[in-house]
Amino acid sequence: MVVMGGGCGGVCVCCRGGRWRQRRKVSDRSGGGGYGSWPAVVLVSGGGGSGIKRFKYLICLLPSSFNFTYSFLFAYPNSIPHHFAMTIDGEALTEQETALYDRQIRVWGADAQRRLSKAHVLIGGMKGTVAEFCKNIVLAGVGSVTLVDDSPVTEESLNANFLIPPDAKLYTGRSVAEICCDSLKDFNPMVDVSVAKGELSSFDADFYEKFDVVVVSCCSLSIKKVINEKCRKLSKQIPFYSIDCRDSCGEIFADLQVHSCTKKHADEAVECCLQYPSFAEAIAVPWKTLPKRVSKLYLAIRVLEKFEDVEGRRPGDTSAADLPAVLKLRNELCEAQSFGESQIPDSLIGRLVSNSLEFPPVCAIIGGILGQEVIKAISRKGEPMKNFFYFDAMDGKGVIEDISTPTPTS
Amino acid sequence: VDMDTIEVSNLNRQFLFRKSHVGQSKAKVARDAVLKVRPDISITAYHANVKSPEFNVDFFKEFNVVLNGLDNLDARRHVNRLCLAAGVPLIESGTTGFLGQVAVHLKDRTECYECYPKPAPKTYPVCTITSTPSKFVHCIVWAKDLLFAKLFGDKNQDNDLNVRSNDGASSSENSDDVFERRNDEDIKCFSRRIYDHVFGYNIEMALSNEETWKNRTRPKPIYARDVLSDSQKNGDLVTSDNPDNGSTDSDSVSVSAMAALGLKNPQELWSLEENSKVFFEALKLFLVKRVEEVGSLIFDKDDQLAVEFVTAAANIRAASFGIPMHSLFEAKGIAGNIIHAVATTNAIVAGLIVIEAIKVLRQDFENLRMTYCNEHPKRKMLLMPVEPFEPNKACFVCSKTPLTLEVDTSRTKFREFIEKIVRAKLGMNLPLVMHGLSLLYEVGDDLDEDMIRNYEANLDKVFSELPSSITGGTMITVEDLQQELSCNINIKHRCLFSY
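Note that the protein sequences, when read in sequence, are chains R and G.
Our numbering puts the last residue of the first sequence at 528; the count rises by one with no breaks.
Our numbering puts the last residue of the second sequence at 502; the count rises by one with no breaks.
Don't read these hints as lab results, they were simulated from the structure.
One should not assume that every hint holds.
Claimed, not checked - Only part of the chain R face toward chain G is listed, based on derived beta-carbon distances under 7 Å:
no., residue
1, Leu218
2, Asp220
3, Ala402
4, Ala511
5, Val517
To be verified - Not everything, but these chain R residues come out facing chain G in the computed CB check (under 10 Å):
no., residue
6, Gln222
7, Asn254
8, Ala286
9, Ser366
10, Val403
11, Pro404
12, Lys406
13, Asp513
Glycine included, C-beta positions come from ideal geometry on N, C-alpha and C.
Just chain R, same shape as in the assembly (with noise of 0.2 Å):
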């Protein structure tokens, strides 16, 4: 039986040569009926005759596990070829290490793991949206992850952070840091994951000297800005992530300073350069000259943020109660950059003030997206976002912003 798709154009030049028939397009065919789209099946008659060979049936290489993905998936190719990719020390990856990543390695390549098993990740702020990003990056099979949070686990901590066993004979008396360090410790023996004591503000630059990226959550404005810069006045070019998830929506920022890296154009590798603000500069960017529609959650949050500061507020401590306060404070900010009120709707507010809980599944979907973008960092393949991501369980975009003084022309 013939199922044709075409593939010699209709007319087979080698089928030529004297015994071999032109075969007909069947997908020019139209499907009877009302058969919607797809192709009468035409079936040919299998062998015999009188000696002739036919056309018996076409090779497919049908997968036996064919994904649901939309039609350019065939055309994507499994990123850069492997022996096109940068090698850096030419050590190949241990055995145990290609069978673990072994579906890893198939889209981003062996010199990528390679880098990613010598990168150091520190992290402050363990809650769920940080939890599923942690996960994501041992999985991934990074050097090493340091964690940062002394606070103790409360029933509250329960609420999206799966990495805390739901039993308080076991999380009494332990800092969420300790307990989350415990369980990633199983994700992957391969990583080394390890706790520091103290305030991540507090350390000094000998300190995050050691690392090659760091995250930060449920940070205030003034920590967040602090920490930017310990990065940023290193001479190792530390990328530095923030990222929150209030309610069902989330914010990533990254500043990765001046990034160099290859990426995918038509089927090459390109080499890119990339320039980020720090998290100062970006905020600092008037309101007037935001990119056109850019997502309201950018300046919602904002908002959020320069309350809690001011009032001296732990992040995410906020209730319905300070909703009249809060909105005051857009109105003055607004003002004092010319910017109308109403590109940040009441609702919005409300919505972040009211119900500062994380929702898991937000979390999955932000420490998701944190996770790749840090794997694009490290690994320096695939170009990453600048600067700012956020995703919204309401209208289920996921969005990045640019928002950085633009550089002036020459």
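For this one, chain R is given, so just place chain G on it according to the hints.
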């Protein structure tokens, strides 16, 4: 519900599982892992195939929502039909590398999973595989479905290995002689003979048809004598300096040509000479260490020796045709249809699935979405929501539209219809075929001997000779009772390949 057991390559993303769980049931271990974090959920694990008859419409009716994380089209279509029959919302999803997608299917409100055709798996014409490969994947298909199958698979299967364009007749008796090893024939001799035949002689034959190569690069015939050094031609390929001398060890845990030859890195590109050595060594190891399997082997990507053989054979063919060679790692991915996968995309898609599931449970149907995960932002979006599509009125699954089949009713056997159309194309698992009141075919545990004999006999008949003859203009009905799907097919007679 999951019929699979845990493998090492799952652990980079399936984080409910640990190394110590390898070999155990995914469903059961997942259940245990989740209970550790949320002990109050009621979870029932089935280590079973979702297509199994126990999961019938009544079973599906017990649920408020169904979430699919399947890895094949067949099972997805099956579940789609059951959810339609049970009236249960279905949330479909899939990921590959950095790409992902989530869709919600609600009977009568949105498209069903089968309303719009999914991108078809890539197919290749036979002549490209047998005579004019231009891509590495063509060489892999040749090495796997032709050469490997011919040497190690079922001898009774049709095989196009010696199809030559200038000679209409198949290589008939001669080809069988070539691939049959004579009783007293030395393995080295046999393997050299095979090598020279497929990489040398067959290429020379193909070259003799000038027409084929007018606009194509001519392949170069490759003979063993050209590739191996003098010492290698006479002696063993495996020398004593190789520490893992597989040929003299007693049964090693995994028989491997690579190990025997000291080739350690699956990511490395081998030279033509190295590929040839692997070819010979793998062939030898099959015939010496796994001789009882020869004649019934099917390619399996987790069979190291099979992967080595197919890689080597594909590379030699590629070299012959001027196509770039590939590492074992790459070849394995192509031959084994390995889907590349990472933890992050799966986490994102999982989050999106739960968001939609919660909407379904809250009956918030107005806000249901299909979401695409892009690798690169489109209009700033990495995650792109769209409105669900409406049902396709011409969908034969959810809209019960009749189909038309063009077939040569005087020459096509009923068996082909059952296998290629009813099972493969229409995705029916336990089919039943009727012409008017006449039952032409069915499957089931409760059939008596006579009925089974009748159906078997029907399979070998051509359409027009069935007890209830099917000719042009007839309408037949095909059903799957488990899927509660019924399909009317109008038959059009078409005489094909007329002279």
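Right, here's what the structure says about each hint:
no.	hint	result
1	Leu218	6 Å, holds
2	Asp220	5 Å, holds
3	Ala402	22 Å, violated
4	Ala511	5 Å, holds
5	Val517	5 Å, holds
6	Gln222	5 Å, holds
7	Asn254	5 Å, holds
8	Ala286	13 Å, violated
9	Ser366	8 Å, holds
10	Val403	17 Å, violated
11	Pro404	20 Å, violated
12	Lys406	19 Å, violated
13	Asp513	7 Å, holds
Checked against the numbered hints above, the structure violates hints 3, 8, 10, 11 and 12; every other hint is satisfied.
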